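Each chain, written out:
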Amino acid sequence: MFFRVVLGMVLAVASCGAMAALQIEITGGINQGQAIAVLPFEQPAEVKVDVAAVVDADLMRSGKFSPLPRSGMPTGMAKDEELLKADAEVAVTGRVYKEGGAYQVEYRIVALKGADRGKLLGHFKGAAPLDLMRQAAHRVSDRVYETLTGQKGCFRTRIAYILRRDGAPFPYQLMTADYDGYNETAVLKSTQPLMTPSWSPDGRRLVYVSFEGRRPAIFVHDIFTRQRTRLASYPGLNSSPSWSPDGSKIAMTLSKDGQPDIYYYDLGSKQLVRVTQNQAIDTEPTWSADSRSLYFTSERGGKAQIYRHDFATGKNERVTYQGKMNLSARSIPGSNAIIVITQQNGYRVARMDVDGSIYMLTTSSLDESPSVAPNGSMVIYATVYNGRKGLAIVSADGRFKANLPSSSGEISSPTWGPALDK
Amino acid sequence: MMLMAVAAAMSIAGCSTTSGSGAGAEGYDGQGVVTGIDSDGAMTVGDPNEVQTYNGPESLREKNTIYFNFDSDQILDAYVGTMQSHAQFLRNNPDAKIVIEGHTDERGTPEYNIALGERRARSVARYMQNLGVDVGQLSIVSYGEEKPADPTHSEAAWSKNRRAVINY
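Residue numbers (this note's numbering), protein chains in the order written: chain F, 1 to 422; chain A, 423 to 590.
Quick caveat, the hints were computed from the structure, so don't treat them as lab data.
Treat the numbers as computed from the prediction; the structure is a model and nothing was measured.
We treat Cβ as the ideally placed atom computed from N, Cα and C, and that holds for glycine.
It cannot be assumed that every hint is accurate.
To be verified - Which chain F residues stay away from chain A? Per the calculated CB distances, all over 10 Å, these: (1) E89; (2) G114; (3) K152; (4) S190; (5) E212; (6) R274; (7) I332.
To be verified - Derived BS3-like pairs: lysine-lysine, alpha-carbon spacing no greater than 27 Å straight-line: (8) K389(F) / K569(A); (9) K389(F) / K582(A); (10) K519(A) / K98(F); (11) K519(A) / K324(F); (12) K569(A) / K256(F).
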């Protein structure tokens, strides 16, 4: 079931930037989702974005769809009798056209199989400026995804990550980009390491660790105004900041009182609150989707395992038992399962279901920093691939995997931003 | 002081984003760190012309690194001599101060490795204290896996990266 389909998606965006000439290499599992035919959109020459290709790639990455090859398909708003010839369960067909001064994106979703054969599942139309046509294409993906799965799509989200370019004047760079690597923007460049970015739920701010003062400190950075504030610079570790989904708190690891323990900063009361007190290492706090508990990694039982602190009871319970070591817990929105990095033939992304069983999602050996999409469908993580650290995506069911190799430098610490309704 | 400004000639590949000095406004962040705005609008922190140099006694220049086993903070017998040399220097020079940097290889997660790097640095500091060094002469910082001595992804690189580095 291992495919090595290299999609020729070499993108002629700007020739600068780590993600330029981004190449998506599909490494597994493209034939197990719902078969869908995304027909080429009919679009004017000045629309440089191939809308159908963007939709195709989005749907495939979710793991829930297996798009058919587009070559030989009719272009534009195909008639139903043409659509019904496609060997798929569903077809998407559409066009971009100019109406007055604006561009309109119009598309239909048609069922092709079973009792619904020929049924129109959705017909949408919306205006999009030329320079935001990629976003418009992702919006098509969101609509198609929601129509066919009942879940919100999250193809219009941003990710943040750290780029390291040894030899550059500022080797450590905090970047943001669309979830598929496009529209990359540098937020901060430093001579010293940057670590662990985490988004505010409104998508305006990032909290991260910076070593610019030759020791770690935690900063909150508004990516629009470029204003930033230092949140923590205690003696010892200031690490692993994580913004709560309700926006009210930032969890972190501090070692000012001895061994690394979990704390949170309450943004309302401006108080620092200690959560764990333990002789062993406690670190990597991350929030449950309801902000009522914190997952963290602890060595209190010997090797590192995942624990959960419940704020209602004040109790810490051990969560993972399988595997030598489990690290970096992330809750999966809309599910009781969690994503972890598990040590088994290396370090791999795995999903731990509510019954405690661990399901390996990857076969690589140096995976780290998993981050789950806001709708729970995909996990982005850092891994070493072809001798270089870069980003990769796996669907939360493990069906689909893709590498997003960087064209220069090493990329780490990806973190998925919130889904914003616009 | 750990830092010394030297004229570091840096070649920047192709059209990669530039550049520290020159572009945009510069200032300080209130903590003595240079800040600026790059030509692409990104904020910059730090001075790219500032490089870290070894400032300790010349006789110990080649003996300032202590290597560790995987996932361990235990000082190996091979480095006891190194520790004793630094400890002796520090005892003889009570005004001298050292910074012990803890580093790890890339296996495991960055956040866990930051904690492990701190444990390594502490392990060295504790050993120094046991050798009679005043605690006021010792400070530690952990860089985890963020500053590898060898940036490649191999067993050979990992063994070079699991280290504590002593600087003055």
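Status of the hints after comparison with the structure:
With a cut of 10 Å on Cβ distances, E89(F) stays outside the contact zone with chain A, its closest approach being about 39 Å. Chain A leaves G114(F) outside its interface by the beta-carbon criterion, the shortest separation being 45 Å against a cut-off of 10 Å. The beta carbon of K152(F) sits about 29 Å from the closest Cβ of chain A, which is more than 10 Å, so the claim that it is off the interface holds. The Cβ of S190(F) does not lie farther than 10 Å from every Cβ of chain A; its closest approach is about 5 Å, which violates its non-interface assignment.
The claim that E212(F) lies off the interface is violated: its Cβ sits roughly 4 Å from the closest Cβ of chain A, which falls inside the 10 Å cut-off. For R274(F), the requirement that its beta carbon stay farther than 10 Å from each beta carbon of chain A is met, with the minimum near 17 Å. At the 10 Å boundary, the C-beta of I332(F) stays outside the reach of chain A, the nearest C-beta of that chain being 18 Å off. For the hint linking K389(F) to K569(A), the alpha-carbon distance of about 14 Å falls within 27 Å, and the restraint holds.
Between K389(F) and K582(A) the alpha-carbon distance is near 18 Å, which keeps this suggested pair within the 27 Å criterion. Taken as a hint, the K519(A) and K98(F) pair is broken in the structure, with Cα atoms around 70 Å apart against an allowance of 27 Å. Between K519(A) and K324(F), the direct Cα distance comes to roughly 40 Å. Violation of the 27 Å bound is thereby established for this hinted pair. A distance of roughly 23 Å separates the Cα atoms of K569(A) and K256(F); the hinted pair therefore holds under the 27 Å criterion.
When the structure is compared with the earlier hints, violations turn up for hints 4, 5, 10 and 11 and for no others.
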